[in-house]
Amino acid sequence: MGGGRYLSSRSFSIGVVMKKYVIKRVVTALFTLLAITLILFILMQLMPGSPFNDEKLNDTQRAALYAKYGLDKPIIVQFFQYVFNMFRGDLGVSYKISKNTPITQLIASRLPISIGVGFAAVLIGAVVGLLLGLLAAFKKDTFWDTLATIISVIGVSVPSYVFALALSYQFGFKLKWFPMLFSAKDVIGSSVLPSISLSMFTMASIARFTRAEMIEVLGSDYMLLAESKGLSGNKLIFSHALRNALIPIITVLAPLVVDLMTGSLVVEKIFSIPGVGSLLVNAIQSNDYNVVIALSFIYSAMYIGIMLVVDILYGIIDPRIRVAKEGD
Amino acid sequence: MAETAAVLTKEPYVPTDADFKLKGNDKDILVDSNFASQSFWKEVVARFRKKKSAVFGLIFVLVITFFAFVGPSMNSYTYSGQDLAKKNLAPRIPLIEYTGFFDGHENIATTKGTKTVNLYFENKLPDTFYWFGSDNFGRDIWTRTWSGAQVSLIIAVAAAIIDMIIGMSYGLISGYFGGKVDMVMQRILEIANGIPRLVIVTLLLLVFKPGMLTIIVALMLTEWVGMSRIARAEMLKLKEQEFVLASRTLGAGSMHIIFSEVLPNIIGPIITQVMFSIPTAIFTEAFLSFVGLGIPVPRCSLGSLISEGFNSFTTHPYQIIPPIVVMALLMLSFNLVADGLREALDPKLKEM
Amino acid sequence: MSEEKKLREKILDVKNLDITFETTAGKVHAIRGVNIDLYQGETVAIVGESGSGKSVTMRAAMGILAKNAVVNSGEIIYRYRDNVGGIDYNPENDANAQWKEADILKMDKKWIRKHINGRRIAMVFQDPMTSLDPTMTIGKQIMEGMIWHYKIDKKDAYNRAVNLLKEVGIEDAEKRMKQYPHQLSGGMRQRVVIAIALSCNPDLLICDEPTTALDVNIQAKILELIKKVQKERDIAVIYITHDLGVVAKVADYVNVMYAGKIVEVGNINEIFYEPKHPYTWGLLSAMPDLGTDDDRLYTIPGSPPNLLHEKEGDAFAPRNAYALEIDDKLEPPMFQISETHWAATWLLDPRAPKVEMPKELKARIERMKKEAGVNDSKL
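Protein chains in written order, with this note's numbering: chain A, 1 to 328; chain B, 1001 to 1352; chain C, 2001 to 2379.
Just chain A, with the same shape it has in the complex (with noise of 0.2 Å):
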């Protein structure tokens, strides 16, 4: 078939242009992280009350702990040293909410499950909102459309927690068909209500997106031309108009899964999920600065990877970013 020619012309292409794209990515993102790194270990020596400015250690303690951290030695080498530690995977313990506990240690059973609940929202948002999307492009001016709208602007509109409140109290205190509180022991059946309320936002934007991409796509003049070429039905959507309005699709999905993290923190504390979303709320009441700062760092560079991959990912599949033009 012909169509080995073209994927071995596509992979050449993809060498050169490509490795210039994702490393420029890669660049500024680690870039970024540097620069919070930078934030976060400022704060770390302005919080009163971290523990490295605690007026209940003692001399020796004090020395002790400088000692550990390096923070004997001059600020910038002390700055590495933090970045080191941070990217090792060293994130200081917990003052507050477990004395002495490894940060890492907190984190390790928590992160997996708010990846879980924030993974299925994602999907879950993702999919039907696409469906919802294109739906209302479709039937453009329509019942279907109306109420596609009506829900996109409802879901965008009212915050994940409303969600989640009112799931909770009808499906889980008065219906009784889901857990309202989260269980080890049944941990799907106890995220449906979580992972329906956290994706509610997504799920309204993506709608709310894919239309608007798809009624541009359907009225482009490349439309027309497939048109006139005599294309129609399937072919006309599949080989023309879904590719050309999905693509844009994969890059609001960097910024909604930020709305996701913030989502998160609260409907977790709403369904008492242990995950690292109730973890920061902990910490944040509790000041408990370590692990905030900790987890700002672990939200930061999960934001940042998915950025990452999120770019490289749109440069893999719009040839207009993978392929150079002319003489370039």
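Worth flagging that the hints you see were computed from the coordinates, not collected in a lab. Where hints are given, some of them may not hold.
With a straight-line Cα cutoff of 20 Å, these simulated EDC-like cross-link-like pairs (lysine to aspartate or glutamate) come out [said to hold, decoys possible]:
#: 1; chain 1: A; residue 1: Lys235; chain 2: A; residue 2: Glu216
#: 2; chain 1: A; residue 1: Lys140; chain 2: A; residue 2: Glu216
#: 3; chain 1: C; residue 1: Lys2067; chain 2: A; residue 2: Glu213
#: 4; chain 1: B; residue 1: Lys1052; chain 2: A; residue 2: Asp145
#: 5; chain 1: B; residue 1: Lys1023; chain 2: C; residue 2: Asp2328
#: 6; chain 1: A; residue 1: Lys235; chain 2: C; residue 2: Glu2366
#: 7; chain 1: B; residue 1: Lys1023; chain 2: C; residue 2: Glu2022
#: 8; chain 1: B; residue 1: Lys1050; chain 2: A; residue 2: Asp141
#: 9; chain 1: A; residue 1: Lys139; chain 2: C; residue 2: Glu2022
#: 10; chain 1: B; residue 1: Lys1051; chain 2: C; residue 2: Glu2022
#: 11; chain 1: A; residue 1: Lys140; chain 2: B; residue 2: Glu1190
#: 12; chain 1: C; residue 1: Lys2369; chain 2: C; residue 2: Glu2274
#: 13; chain 1: C; residue 1: Lys2015; chain 2: C; residue 2: Asp2037
#: 14; chain 1: B; residue 1: Lys1023; chain 2: C; residue 2: Glu2356
#: 15; chain 1: C; residue 1: Lys2231; chain 2: C; residue 2: Asp2088
#: 16; chain 1: A; residue 1: Lys140; chain 2: B; residue 2: Glu1343
#: 17; chain 1: C; residue 1: Lys2231; chain 2: C; residue 2: Glu2009
#: 18; chain 1: C; residue 1: Lys2311; chain 2: B; residue 2: Asp1019
#: 19; chain 1: A; residue 1: Lys24; chain 2: B; residue 2: Glu1190
#: 20; chain 1: B; residue 1: Lys1051; chain 2: A; residue 2: Asp145
#: 21; chain 1: A; residue 1: Lys140; chain 2: C; residue 2: Glu2022
With the C-beta cut set under 7 Å, the calculated list includes, among others, these residues of chain C facing chain A [what the hints assert, rightly or not]:
#: 22; residue: Asn2117
#: 23; residue: Phe2125
#: 24; residue: Pro2134
#: 25; residue: Gly2145
#: 26; residue: Thr2212
Chain A stretches covered by chain C per the calculated footprint, using a threshold of three residues with CB under 8 Å from any CB of chain C [claimed, not checked]:
#: 27; stretch: 217-224
#: 28; stretch: 291-302
Backbone N, C-alpha and C fix where the C-beta goes; we use that ideal spot for every residue, glycine too.
The hints should help you fit chains B and C onto chain A, whose structure is shown.
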């Protein structure tokens, strides 16, 4: 004219010789009467008014704003006045109570099932009315809801306006100068954008004391990026246009061109973005309150009210409903207004 | 060119077409009784300002009208000989080839897509920057139609696509096949669009402002290319344009369109040398002309009418310096001037005062005639 139209449909007009003379309108055809050209903003308003959802949103924004400022003084309670003897009373409104709604009854779940009680009568308070009920400290939820809405609105609008000023200036300058300036400014922006909003806000509120000002600053720090992107994109579109080139040739300074020539032309998209960032700000504030970084007591915001109500939402759901409904309506309305505005300003009507 | 034609076969006959668009602002009466004829192998131009309805007419002929369009009346009769013999079938060589007729407006979308679009009538759009799918290789976009309509295998389609690219003057055809639209210049993209249009052997090519979006030096080349393929393949071409300069270079017949109506129709000489409608006078006067010593550029005063509002009488009257009283009361009918020349203006009524075209234009036409006389041997 009307007569001719009527005639045309039946039998065609029969021209007389007198009709065949030049109108002599070669002088006045230079005046363009075909398009009685409407002003741009008139058209925007007309298009906005055509969109029902946007008008609906605007009405709700106005109504809520009105109550946010007038509502707290509509009864004798204050937002912080406590009365533990009158705690957890269900909503009760004079006159309306005779309909069976808002008469102060509530259903309480017991081990033997639910029973309906009316604490107003059990506690012998026949002349007490809490329109939206009272909370765990005996504070009036009506007053607190509207005063919370007031705080949330002030914070959101202030943050949106400040971030508009910062983001807009940043974007305009970056776009106007282009080249290296743009490159550096965009890299800084990329890094700023790489830090999750959650992290910025959390850290800032840890360092400074929570309060209205801190929250405004935190919101401002997170929202300016989007605004600056829009301003930059608009600037890139406009800066090659004749009127900018003309004023540059005439020797106008960069700042003059940016702020007096270009800015008035991009005010539409900017306002739209402000409208979109207000609900985001309301949401973020509510979130902060929920995790305990919000407005300090005894002041309240919609977020802190929801947070308080959460603790008793299975036993006294009426306590959490007013702030949730007001917030949801507020965010919905702002989103609808912003949507309508965007479409009114930039009608992508490919109708032919 | 047309003398050596044995018999003029009419392939497209637009009769009394009337289309309204239902927009949010109200009903827009965009096409108000349009008649156009087209014969095999000939070139017709439709000229008018933007919004005059020239594109809408041709989209109706392609069956690609927007969803909010309502056809009130009219017919678009398309005559064709079915290419039963596959992609290389040439009815000229087939004694049994039968002429068939179809009214495009009465056929369903599916039938039009299958039998007309691409296969019989193909279209070249205005802006090659936006009319190619940015996420698909050039090769695939050319091969797509052939495979879809004629079910030929990929290898065959590939070879045909390469040959098409060579035919439209693209070098390194094999390399281009693998490239994406953004890697090509505007002129090259328009060549690709033409290659796509030709890929299924149509017998009518509709070019919607094919050179407007291109650089001046490339415009002429693209026009030459279209002329070349038209001659080689003996296909009919309809040009939709606002540029009389383009019309002068390519057309056999010209339809001047204003506010959804054809206001003057004639062969190229009649329209350029003996125009009768004041709107045509305006268009001709507005043509940039290097030969004139007058350095002012003439424009027709005012702007096209808003078709949301129906106007009594002649739609052009408010902009017409030669408007008669009758123009406000009754729409002018088509007055016949010669066998091929018609114009819709009351000035041609015997009762109307004798009105001559503007002096400047007359001088200009004389000059054009002289220049053309020099070039006659070449034509």
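Consistency of the hints with the structure:
Only pairs whose Cα atoms come within 20 Å are accepted, and lysine 235 of chain A paired with glutamate 216 of chain A is accepted, the gap being roughly 18 Å. Taking the CA atoms of lysine 140 of chain A and glutamate 216 of chain A, the gap is about 12 Å. The hint holds against a cut of 20 Å. With a C-alpha separation of about 18 Å, the suggested pairing of lysine 2067 of chain C with glutamate 213 of chain A holds against the 20 Å cut-off. Taking the CA atoms of lysine 1052 of chain B and aspartate 145 of chain A, the gap is about 15 Å. The hint holds against a cut of 20 Å.
With a C-alpha separation of about 10 Å, the suggested pair lysine 1023 of chain B and aspartate 2328 of chain C falls inside the 20 Å cut-off, and the hint holds. A threshold of 20 Å between alpha carbons decides the hint, and for lysine 235 of chain A with glutamate 2366 of chain C the separation of about 55 Å lies outside it, so the pair is violated. Between the alpha carbons of lysine 1023 of chain B and glutamate 2022 of chain C the distance comes to roughly 34 Å, so the proposed pair goes past 20 Å and is violated. Of the supplied pair hints, the one linking lysine 1050 of chain B and aspartate 141 of chain A holds, its CA atoms being roughly 15 Å apart against a limit of 20 Å.
In summary, the hint linking lysine 139 of chain A to glutamate 2022 of chain C is supported, as the alpha carbons are separated by about 17 Å, within the 20 Å threshold. A threshold of 20 Å between alpha carbons decides the hint, and for lysine 1051 of chain B with glutamate 2022 of chain C the separation of about 17 Å falls inside it, so the pair holds. Between lysine 140 of chain A and glutamate 1190 of chain B the CA atoms are separated by roughly 36 Å; this puts the pair beyond 20 Å, and the hint is violated. Only pairs whose Cα atoms come within 20 Å are accepted, and lysine 2369 of chain C paired with glutamate 2274 of chain C is accepted, the gap being roughly 11 Å.
Distance hint between lysine 2015 of chain C and aspartate 2037 of chain C is fulfilled; the C-alpha atoms sit about 9 Å from each other, no more than 20 Å. Proximity of lysine 1023 of chain B to glutamate 2356 of chain C is assessed by CA-CA distance (about 16 Å); at most 20 Å being required, the pair is judged to hold. Annotation: proposed proximity of lysine 2231 of chain C to aspartate 2088 of chain C holds, straight-line Cα distance about 17 Å (limit 20 Å). With a C-alpha separation of about 16 Å, the suggested pairing of lysine 140 of chain A with glutamate 1343 of chain B holds against the 20 Å cut-off.
Restraint check: the Cα-Cα separation between lysine 2231 of chain C and glutamate 2009 of chain C comes to about 16 Å, which is no more than 20 Å; the hinted pair holds. Taking the CA atoms of lysine 2311 of chain C and aspartate 1019 of chain B, the gap is about 18 Å. The hint holds against a cut of 20 Å. Pair hint lysine 24 of chain A plus glutamate 1190 of chain B holds up; C-alpha atoms about 12 Å apart against a cutoff of 20 Å. Straight-line distance between C-alpha atoms of lysine 1051 of chain B and aspartate 145 of chain A comes to about 15 Å, which keeps the hinted pair within the 20 Å bound.
Distance restraint check for lysine 140 of chain A and glutamate 2022 of chain C: the Cα-Cα separation of roughly 15 Å lies within the 20 Å cut-off, and the hinted pair is therefore satisfied. For asparagine 2117 of chain C, the interface hint holds, the least distance from its beta-carbon to any beta-carbon of chain A being 4 Å, beneath 7 Å. Taking 7 Å as the C-beta cut-off, the interface hint given for phenylalanine 2125 of chain C holds, the closest approach to chain A being about 6 Å. The closest approach between the C-beta of proline 2134 of chain C and any C-beta of chain A is roughly 6 Å, which is under the 7 Å cut-off, so the hint is satisfied.
The restraint placing glycine 2145 of chain C at the interface with chain A holds, with a minimum CB-CB distance near 4 Å, inside the 7 Å limit. With its C-beta approaching chain A no nearer than about 13 Å, threonine 2212 of chain C sits outside the 7 Å limit, and its interface hint is violated. A stretch counts as covered by a chain when three or more of its residues have a beta carbon under 8 Å from one of that chain; for the stretch 217-224 of chain A and chain C the count is 4, and the coverage holds. With 0 residues having a beta carbon nearer than 8 Å to a beta carbon of chain C, the stretch 291-302 of chain A misses the requirement of three or more and the stated coverage is violated.
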